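Work out the full structure: start from the sequences and follow the hints.
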Amino acid sequence: MSASGDLTDHEPTADARVESVAVLADEQRRRLFAFTRHARRPVTREEAAADAGISAKLAAFHLDKLVAAGLLRARYESPGGIRKVGRKPKVYEPTETDIRVSIPERRPDVIAEILLDAVLTHEPGEDAQAAALRTARLRGRELGAAERARTRPGRLGPERSLTLSEAVLEQRGFEPDRIAPTGMRLLNCPFHQLAARSPELVCGINHAYLDGFLTGLEATGIDAVLAPAAGQCCVELRAAAGGGDPRGPLAGDSPACTRDAADTTGRVAGHDDETRRKA
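Numbering (this note's numbering), first residue to last: 1 to 279.
Everything labelled a hint here was simulated from the structure, so no lab data went into it. All of these numbers come straight from a predicted model, not from anything done at the bench. Accuracy of the hints is not assured; some may be wrong.
What the hints assert, rightly or not - Result set (DSS-like, lysine-lysine): computed pairs, CA atoms no more than 25 Å apart in a straight line:
{"hint": "1", "residue 1": "Lys88", "residue 2": "Lys57"}
{"hint": "2", "residue 1": "Lys65", "residue 2": "Lys90"}
{"hint": "3", "residue 1": "Lys88", "residue 2": "Lys65"}
{"hint": "4", "residue 1": "Lys90", "residue 2": "Lys57"}
As the list claims (entries may be wrong) - Label pairs and their computed distance ranges (CB to CB):
{"hint": "5", "residue 1": "Leu187", "residue 2": "Arg160", "range": "19 to 29 Å"}
{"hint": "6", "residue 1": "Ala128", "residue 2": "Arg150", "range": "30 to 40 Å"}
{"hint": "7", "residue 1": "Gly231", "residue 2": "Leu120", "range": "32 to 42 Å"}
{"hint": "8", "residue 1": "Gly183", "residue 2": "Leu58", "range": "52 to 62 Å"}
{"hint": "9", "residue 1": "Pro124", "residue 2": "His38", "range": "43 to 53 Å"}
Every residue gets a Cβ at the ideal spot worked out from N, C-alpha and C, and that includes glycine.
Structure follows, in structure tokens:
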């Protein structure tokens with residue numbers, strides 16, 4: 001998993017994953033894809049065609065579609081490593097891309113990686129939840145720093161911070177909704193199923209991850225705020241409030257969402273602040 005909380009730095013976007021699955025709607029492509037995966041070695045179009053009972057030309061067409069969708073990769077090499085005179089044939093093999101489609105998007109793998117890292121980097125005297133929050137904040141900070149290095153945006157004020165954040169969080173399934181120049185709701189919780197089981201832990205991890213992201217991005221004037229509401233993520237990105245703790249719930253916020261116990265927000269915010277002071 002990369003620092004961004006994803007399996008690789010080049011993991012397909014949600015749209016790309018849907019398109020990859022759509023490519024497999026064709027029966028012949030599914031058979032060619034299955035043959036290539038089961039072969040456990042690079043295969044030629046002739047081998048794939050023979051298995052599917054179609055022409056080599058048609059097999060090449062479908063195989064190249066699978067390459068374009070990111071399900072296969074192609075290169076030129078001699079089968080079995082045997083050198084022959086003439087041009088090397090084109091061979092195909094599966095990629096390591098893990099295609100998962102969920103609408104709305106769910107990412108339990110991100111939580112799993114954070115918890116695994118928390119166990120592996122557990123510090124003496126640190127309780128399990130504090131370790132998880134520390135690790136989540138680090139993951140988020142690395143994601144923000146990577147995006148900053150990629151885009152080189154210079155100094156980021158509140159509005160540009162949200163504009164840059166919007167694109168990144170959209171790719172990670174949060175479904176950002178820009179409700180104001182300096183305000184953004186996150187309409188989807190990628191960790192919804194886990195948050196329903198343990199809202200204090202998972203919402204705390206989510207908040208620490210997004211807070212760390214803003215830190216790594218060097219976003220100024222924007223805070224990740226715990227603001228649980230039914231049917232959406234428990235965190236919003238808002239203009240930094242003057243005075244007080246920006247990470248607590250603001251007046252008028254719903255006291256709990258469908259994923260939270262009634263007192264979750266206060267307990268998570270308090271624990272998160274303690275963890276931040278230790279970091």
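Now the hints, each set against the structure:
Distance check on the hinted pair: Lys88 and Lys57 sit about 17 Å apart at the alpha-carbon level, within 25 Å; holds. The hinted pair formed by Lys65 and Lys90 meets the criterion: a straight-line CA distance of about 14 Å does not exceed 25 Å. This hinted pair checks out: Lys88 and Lys65 have alpha carbons roughly 21 Å apart, not beyond 25 Å. Proximity of Lys90 to Lys57 is assessed by CA-CA distance (about 12 Å); at most 25 Å being required, the pair is judged to hold.
Hint check: Leu187 to Arg160, Cβ distance near 22 Å, so the stated range 19 to 29 Å holds. Roughly 33 Å separates the CB atoms of Ala128 and Arg150, a value that falls within the hinted 30 to 40 Å. Separated by about 35 Å at the C-beta atoms, Gly231 and Leu120 satisfy the suggested range of 32 to 42 Å. For the hinted restraint 52 to 62 Å between Gly183 and Leu58, the CB-CB distance of approximately 53 Å keeps it satisfied.
For the pair Pro124 and His38, the beta carbons lie near 48 Å from each other, so the given range of 43 to 53 Å is met.
Checked against the numbered hints above, the structure violates none of them.
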